[in-house]
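K.L.:
Protein sequence lines correspond, in order, to chains A and B. With my numbering, letter number 30 in the first sequence gets 30, and the count goes up by one each step, no holes. Count along the second sequence from 1, add 1000, and you get the number used in my numbering.
Heads up, a few of these hints could be off.
[Stated by the list, open to error] Covered stretches of chain A, going by a simulated chain B footprint (3 or more residues, C-beta under 8 Å):
hint: 1; stretch: 73-87
hint: 2; stretch: 117-123
hint: 3; stretch: 153-163
hint: 4; stretch: 196-209
hint: 5; stretch: 251-258
hint: 6; stretch: 265-273
hint: 7; stretch: 297-309
[Unchecked claim] Just a sample of chain B residues kept apart from chain A, beta carbon distances all over 10 Å, derived:
hint: 8; residue: E1028
hint: 9; residue: P1030
hint: 10; residue: V1078
hint: 11; residue: P1085
hint: 12; residue: R1146
hint: 13; residue: E1260
hint: 14; residue: V1263
hint: 15; residue: E1268
[Stated by the list, open to error] The following label-pair restraints were derived from C-beta to C-beta distances:
hint: 16; chain 1: A; residue 1: R250; chain 2: B; residue 2: E1028; range: 28 to 36 Å
hint: 17; chain 1: A; residue 1: S126; chain 2: B; residue 2: R1183; range: 14 to 22 Å
hint: 18; chain 1: B; residue 1: T1212; chain 2: A; residue 2: A187; range: 48 to 56 Å
hint: 19; chain 1: A; residue 1: E306; chain 2: B; residue 2: A1218; range: 49 to 57 Å
hint: 20; chain 1: B; residue 1: A1124; chain 2: A; residue 2: V65; range: 34 to 42 Å
hint: 21; chain 1: A; residue 1: G203; chain 2: B; residue 2: G1184; range: 30 to 38 Å
hint: 22; chain 1: A; residue 1: K38; chain 2: B; residue 2: D1264; range: 25 to 33 Å
Don't read these hints as lab results, they were simulated from the structure. We put the CB at the ideal spot given by N, CA and C, even for glycine.
Here are the chains, one letter per residue:
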Amino acid sequence: MADRVERLTNLLALLLETSTPLSLTQIADELVGQYPDKPNARRGAFERDKAALRDIGVPIEQEIVTGTEHAGQTRYWIDRERYELQGLALDPDETRALQVAMAATRPGSASGQEAMWKIGGGVLDSGAAVAAVVPDAAALPALREAVAGGRSVRFGYRDVDRHVDPWGVLLRSGFWYLVGFDHGRGARRTYRIDRIVGDVVAGEPVTVARPADFDPLDAVPDDPKLIGAEGDVTEATVLIDERRSAAVVRELGDDRVVERRTDGSVVVRVPCANLDAFRSWVLGFVDLAEVLGPPDVRADVVAWLEAIG
Amino acid sequence: MSRRGPRGAEDRLRRLLVMLPWLMERGEVPVAEAAAHFGLSEHEVARDLELAAMCGLPPFVDEMIDVFIDDGMIWVGVPRLFTRPLRLNSVEAWELLAAGRAAMQLPGADPDGPLGRGLAKLAAALGEDDTGGVRVDLERPDVADRLATAIDAAERLRIAYWSASRDEVGERTIVPRQLFTDRGEWYVSADDDRSGEVRTFRLDRIESVEGTGEVGVAGAGPLPTPGEWFTDADIPRVTVRLAPSARWIVERYPSDEVGEPDVDGWVEARLPVASRRWFVRTMLRLGPGAQIVEPDDLADEVRAVARDVLGRYRS
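Start from the sequences and build out the full structure, keeping to the hints where you can.
P.N.:
In structure tokens form, the structure reads like this:
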């Protein structure tokens, strides 16, 4: 019996080169001595090989014969057009640049390494001097394909089955977001992709197309204190102690400074449309920040602290 | 890339299907070079190629994979059968696109350079348009570019840095070695002159940066691996119960274990507490959404600090 890798390679070559689809009997006849003679053992070995090839991404086509003495028989082949990587034509410096990019962003990814070999790159170095940690989420490849292909998707999110026309995905603040039109809600929605439960199933073409000027960059607020903000943004005034004032002005920008006090502290305007995010931001300063107003926001922070103490 | 245990048939075939087209394009390649390129030992390369040389088309006489090894060199005769690699599957396509788009947001990336051009070809081949189906925003602060330049030049910098654990701004000189962003924050790992060790600094806590005009000698101290949290077994632990609204803390910060949600969605989690000051601040932010199960002294401290802050509002 041949080595398994040898048999798999021969089977692959045969299915790629054959001019007509082949039945298992024909395959076994061609690959003399490589498959068992007994029908059950032969079928079992072939099914395992077929699964192994499909597992590594080989598209094996099959058809069921009709109308002849072989009716009901399954025949197999591989379409070279669908098998081969085509149309990329990267120059060597472009391949190298993508390899550096992968090493800087996805150094431990087995699929990333596999992709790199397919486009002609080598082993990914670790320890890039400038790097970004790009997180994973199982749903991302399917969502990207759906966005590019203009297909609507269905998935589970917060215990609800969603039907969404996907417009784009965005990585921001360490999380991947999907933005699209939610048919159940009849409106645009944003989802944290790592919170999608189960598989993403792509289906029919989208019916609510992405607006011409749409950019996920604008659709997901980069300041969590702004998430959920509609129309006029609510703002609070916050007094920041001298010890943190420089850092806060750097974070918010000079135009948000309302008052600079002689003791070095500053009063700043901060969006508080998302009260949870706002409260979390303010309390991060512990006793070095105080909400001055509006009164209801100040009262909310007091109530929050009372609930702890 | 190191590898443990025997390689399975699928793994060997997968590697062969990328190695053969790569070799066929080149014609002749030193075994050592192929081994390094594909993360295999020279023995593994030789064994798999010798096996490939026995493969081909029935009747297995002349339509064979034309490859042989002689004197440390791999030679490919007539390229046939596996002249092109397998297409990218959806996960691999995603990996390339996401990595390229993210790297374009790092300091020094040039849209007209090789990465930009390669990424444009890739996007076209994958059916992406350029209206932003996949976007990456790394929220890069200006100081990141300054630090990247310093890394290139091994420049020694003087920085003013706010230490969260001590709550004070101190001046130190550093030789930056690695710049990275993770979970929305930027960090620089550097040889720190004060401690004589590698220290990692958060960019948003760097109050100022100035050059010293000196070139530093990069130390040999190991750098942290971006994305892996360094938690020490000696660091004290706390057990907390977290409401769904507070669950983000275990997505952002390291935890030893997180239990299953109860009927109300609360989970119990065990966390390392590297800095009590950090922990108390985090508990104020989580408020009623978090309850400290143990130790009691930390719970007391959180309550005391909450009362202190309240004092500000009542005075």
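K.L.:
Against the structure, test the hints numbered earlier, and report the numbers of the ones violated in rising order.
P.N.:
Violated: hints 3, 4, 5, 6, 11, 16, 22.
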